[in-house]
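Novice: Just so you know, the sequences run in chain order A and B.
Each position in the first sequence, counted from 1, maps to that position plus 134 in the numbering used here.
Each position in the second sequence, counted from 1, maps to that position plus 134 in the numbering used here.
For the record, the hints were derived by calculation from the structure and aren't laboratory data.
Built from N, CA and C at the ideal position, the CB exists for glycine as well.
It is possible that part of the hints are untrue.
[To be verified] Residues on chain B that point at chain A, a partial pick, calculated with CB under 7 Å:
{"no.": "1", "residue": "Phe-216"}
{"no.": "2", "residue": "Thr-244"}
{"no.": "3", "residue": "Gly-249"}
{"no.": "4", "residue": "Tyr-388"}
{"no.": "5", "residue": "Phe-389"}
{"no.": "6", "residue": "Ala-459"}
{"no.": "7", "residue": "Pro-486"}
{"no.": "8", "residue": "Leu-487"}
{"no.": "9", "residue": "Pro-489"}
Below, each chain spelled out in residue letters.
Number of protein chains: 2
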Amino acid sequence: MHAHTGHRPTTGLKGLLVAATALGILAVSAGSAPAADPPAAGGDALMGRARELFKPLPATLPVVRNNAVTREKIELGKMLFFDPRLSASGIFSCNSCHNLGLGGVDGLETSVGHGWQKGPRNAPTVLNAVLNVAQFWDGRAEDLKAQAKGPIQAGVEMNSTPDRVMAVLNSIPAYQAKFADAFPNEKNPVSFDNVAMAIEAFEATLTTPAAPFDQYLEGKADALTDTQKAGLELFIDKGCSGCHNGVNVGGHDYFPFGVVTKPGAEILPPGDKGRFAVTKTADDEYVFRAPTLRNVALTAPYFHSGKVWDLRQAVAVMGSSQLGATLSDQEIDKITAFLTALTGQQPRVDYPLMPASTPATPQPVFK
Amino acid sequence: MHAHTGHRPTTGLKGLLVAATALGILAVSAGSAPAADPPAAGGDALMGRARELFKPLPATLPVVRNNAVTREKIELGKMLFFDPRLSASGIFSCNSCHNLGLGGVDGLETSVGHGWQKGPRNAPTVLNAVLNVAQFWDGRAEDLKAQAKGPIQAGVEMNSTPDRVMAVLNSIPAYQAKFADAFPNEKNPVSFDNVAMAIEAFEATLTTPAAPFDQYLEGKADALTDTQKAGLELFIDKGCSGCHNGVNVGGHDYFPFGVVTKPGAEILPPGDKGRFAVTKTADDEYVFRAPTLRNVALTAPYFHSGKVWDLRQAVAVMGSSQLGATLSDQEIDKITAFLTALTGQQPRVDYPLMPASTPATPQPVFK
């Protein structure tokens, strides 16, 4: 299993503690200091405040709800994540839009898919997504196994069907064997559900521990620069942490885009009413899941619309729209500096060798 | 440097012997038996014949003409190979069409590029391409550094320009540093030429040694099955080895498609006259570089047109068009079995972490 090399333990599948809160999965590492501990020696008042609001990201792998993660599932899921044959055209893989070498995103305003169509929203990062309360900007998928089925079938993304995916996988004996290994007690291991389960298992490994901010939360006072500490203080005092908190510094609940003032239509397109499409509740108009801010320095452009390319500008927009605050350039600089301290160790992935197609494999379709 | 893990020495950059023949680069490993040696103990008459025609692929890295390969160049080249920001849209990387998890190809008839346009010819494998006499089906690029510049600029592929690529790379300080490391004695290390040099250096690592056939050539008589040996004998006796020989089992010279009988227009589209477009010589009409057959079992669909999806059918077409022979089903089975013995150790690549864009990075362009 090569999903990770070198940087962190992959034997941590055992012995994990999991606190499943009302807001979703919240994984707590078995080894490091829980957030409830008093600040360690060398801590300060700011560290104490931060530890009430945030939790360090565990170095161990999170446990996934209703999906026992095994090495075999991770290995299969990694192949599937990178395999463009899950798309009808044979061009797009999960990694196309959630590029593991680019912070788990594609760096596009909105992704481009089948037939050069543009998708409706910016692709969220897959990194640490397992720790979000739900998936997609509007939370319409309760977890990653539900999410994984969406883009495969979406006409503007991979444009495939469960039947086609099954035909592809069943045409490749080596894939059949991998599914049998990953789902050993199942009569029909090659199934669309299991495609999603394996992808979820792999994606659960894509966490980014040991960011400077994690080290700070764990008691290392000098893990943040003075500017970053000033930014953290502003992040708390101005109210950013009202939505962006917890282990994922966001990702755990839904909020209106424009709590105080709606941003302009160029940033908040009126046609996309967010979670309203899921709940059909008027209160959910223009409501979106607050994104995780982990690795946010890597994941431009920003917002569900992908319209803002500069993290400093994104901070300014959030200040005015969510907090009713016109942040000064210095404040923006400090908050942005703090946000860069949320960049963690990126997953190191050994690029998978995918089994070859056979003459029975359905050919790519471009129409 | 993580370009390879585990399977083979990467310290072999030193001490290589290189025999640059008139046909191009022909790398010979310093350690293993040169082809001129008598068959090893356990060899047979067939092995002796094979060793006159073919050479085992060295486990060591080949030396590249006019490009001293260093670890720094390989590391930079790997990033560039996987970076979709070399394309105008930010969607296509070298790996999109030369997927290292899929035998170095994309599994499409012809590649799809910018604006969902289809390219004119099937994407050849990047694996062992460094050992070809020249690049592209018509040999119009003399080496991989020349080849690499083509798809980046081709309107139907990545649709970028040298200026745009320079603007992207210069907007990313971490890339500037990588270029300075890789080209330490140059005043302007970030250049389009050096993009190509770095990609070539990485691609030179993408060889696939230790195929069963290589082991056989090195004296291990039981590395091939009896059926594969029968296929090898047919491959020689029927004349396949007339074009497909040497270290790359092809790739070193140009031949007409249809030496004896032109295949139908569905396989040999009349509009693509091959090398004629390069040399403007009537003799070069419908002439193409014989492709390497290494890893051919992984690289369907076949021929420059990509019209044949079944390796058995490709063997039959070659028999009739190139040799004037109607091969029996049994003969086709045997030759195909031999061809599967050309699948070598695939390169194991640690997926690169590419440096993040900045607000100065040119935004993707879709038109």
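Novice: For each hint, tell me whether it holds in the structure or not.
Specialist: Going through the hints against the structure:
The criterion of a C-beta within 7 Å of any C-beta in chain A is met by Phe-216/B, whose closest approach is roughly 6 Å, and the hint holds. Interface hint status for Thr-244/B: violated, as the beta-carbon distance to the closest one in chain A is roughly 11 Å, over 7 Å. The beta carbon of Gly-249/B comes within 6 Å of a beta carbon in chain A, closer than 7 Å, and the hint placing it at the interface holds. Taking 7 Å as the C-beta contact cut-off toward chain A, the hint placing Tyr-388/B at the interface is violated, the least distance being around 28 Å.
Because the smallest distance between the Cβ of Phe-389/B and any Cβ of chain A comes to about 26 Å, over 7 Å, the interface hint for this residue is violated. Hint status for Ala-459/B: violated, given a least beta-carbon distance of 22 Å to chain A, over 7 Å. Below 7 Å, beta-carbon pairs count as interface contacts, and Pro-486/B has one with chain A at about 5 Å; its hint therefore holds. Interface hint at Leu-487/B: satisfied, since its Cβ lies 5 Å from the closest Cβ of chain A, which is below the 7 Å cut-off.
Using the Cβ-Cβ criterion of 7 Å, the hint placing Pro-489/B at the interface with chain A is not satisfied: the shortest such distance is roughly 9 Å.
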